[in-house]
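J.: Okay, here's what each chain looks like letter by letter:
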Amino acid sequence: DAGVTQSPTHLIKTRGQHVTLRCSPISGHKSVSWYQQVLGQGPQFIFQYYEKEERGRGNFPDRFSARQFPNYSSELNVNALLLGDSALYLCASSSATKLFFGSGTQLSVL
Amino acid sequence: QKEVEQDPGPLSVPEGAIVSLNCTYSNSAFQYFMWYRQYSRKGPELLMYTYSSGNKEDGRFTAQVDKSSKYISLFIRDSQPSDSATYLCAMMSAGGTSYGKLTFGQGTILTVHP
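Sequence lines, in order, name chains A and B. Quick note on the working numbering: the first sequence kicks off at 37 and runs consecutively. Quick note on the working numbering: the second sequence kicks off at 31 and runs consecutively.
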């Protein structure tokens, strides 16, 4: 079975632009979470979605938004990009309390 | 003060050594405790999963949770060069809106020399 898939793997944007990151969970998993990992730090929780509803939000500005589709895939959107948004963005899927991560999208903001 | 504290290392050991990695935490609501391994620029891989206190063993890996001391450990026996990676501890509370929200430590960089 395929694991969590994320696209694109790498992305370069300039300040002020908008970005959309995509995630497909493991088949049968209904929950998707998003994390931001800055170099040298552990991942930080951004959002969790379950059955298309937002179940949790971390301490991130409103420039960050997400949604989950009927097939349980998810998008993370970031508006008005800042240099500090440069990070590895990770998606995790879960069926209960175990989270499995994708390889992430490396976002560079110039 | 961070909810989860983890010594970032780096930690360098010879092949075959026993490695001990540790995290402390402050949130007594944490019920689920995990260790992830992360290779450079890859996603974290779930290594060990423990609910509440106790020990769990899986091959060369042993995870320990001491909720009374708010302290968790990961032991790696007979360490191999392929174990060289960043090890992240992660924790989660129980209850509806907590599921899916992991709180991570900073990660410990481990290098195992041949």
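One should not assume that every hint holds.
Once the Cα atoms are required to be at most 25 angstroms apart in a straight line, the calculated DSS-like pairs of lysine-lysine come out as [what the hints assert, rightly or not]:
1. A/LYS49 <-> A/LYS88
2. B/LYS32 <-> B/LYS97
3. A/LYS134 <-> B/LYS86
4. A/LYS66 <-> B/LYS97
5. B/LYS86 <-> A/LYS88
Simulated from the structure, these hints should not be mistaken for laboratory data.
J.: What are the numbers of the hints the structure violates, in ascending order?
T.: Checked against the structure, the hints that fail are numbers 1, 4, 5, while the rest are satisfied.
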